[in-house]
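Student: Sequence:
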Amino acid sequence: MFLGGYDSLKKNTFEGIRKMKDNGIICLRNSVAECKISLWGGNLLSYRPLNEEHDVFWLGDLNKFDNIQAIRGGIPVCWPRFAEEELNNHFPRHGFARLSTWTLQNVNVDEEKIEIELSLMPDVKYNLNLSARLLIKITDKLEYELETINHGDADFIFSEALHAYFNVSSVNDIEIKGLSGHQYKNSLDGKTYILEKDLEIKGEFDSVFLNQVQPIKIIDKAYDREIVMEKQGSKTTVVWNPAKDLAEMSFNQHKTFVCVEPSNVGDYCVKLAPHGKHTISAIINVQKLS
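With positions in the sequence shown counted from 1, the corresponding number in the working numbering is that position plus 4.
Please note: incorrect hints may appear among the correct ones.
[Stated by the list, open to error] Under the rule of at most 27 Å between Cα atoms (straight-line distance), these lysine-lysine pairs were calculated in the DSSO-like manner: (1) K145 - K181; (2) K181 - K281; (3) K275 - K201; (4) K259 - K225; (5) K225 - K145; (6) K206 - K195; (7) K189 - K206; (8) K221 - K195; (9) K117 - K189; (10) K248 - K206; (11) K68 - K117; (12) K259 - K281; (13) K239 - K141; (14) K195 - K248; (15) K117 - K292; (16) K225 - K181; (17) K145 - K281; (18) K221 - K181; (19) K141 - K117; (20) K221 - K129.
Honestly, the hints are just simulated from the structure, not real lab data.
The structure displayed is predicted, hence computed values, not measured ones.
Assemble the whole structure, with the sequences as input and the hints as a guide.
Tutor: Written as structure tokens, this is what we have:
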């Protein structure tokens, strides 16, 4: 394991090695931001610019962090299968990446930049000549990139999502811009609709927005901020809130997140040529409204 730049790091900017020995969670901080990354699932658990009171991401209060169950919150990596799609249905729901221990390849921290690189080779039981690489870079924004490499001699078809749980004051009081005018498939009834105006969520919502490549803004007046997400290598966007607490949530915790996920799912899955690479990425920036 190589930890680039480790010798030059100050104690108050890097706490990761000590924490990693305990629970596989890397904690990093510099003059710009702080973040936490779990090697289980390659999951970015937390990201907070130091000028922000509230974390950008939501994390379930009742997660067990047992390296058995998937972590709910942060940015779970759904790969190489999304949800319960028929494609790759011999893999677990949402794929196996979030149920695997990733390898830490590199960490670099200085006063204005944090960089982390993780990698994943599928367990031999999956019989895949494939690998994944996760790159996380934090400056005045978060850059998050998942690269898939096909090491085989045949095409590989897969779906994927960066299953981002955004922390909000109340899911019922936010507005999501950048989706209006797009078709979306409602996973609750299987029907396809067109969103006529900016999205406001009232009750359970689970939909895939099709051929959606534009930046998305989450407007949260109570937190006095907008979260701006730009994405590349992604042709669909999943938006989800269950309108009820799930196993990893404390009472009413479902009200304080919305999932907005860069993805390639359904008819927009990825066909990766032999020895080819595919990258899906998101750039996330937080701005004050006032």
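Student: Compare the structure with the hints numbered earlier in the document and write down the numbers of the violated ones, lowest to highest.
Tutor: Hints 2, 3, 9, 11, 12, 20 are the ones this structure does not satisfy, whereas the remaining hints hold.
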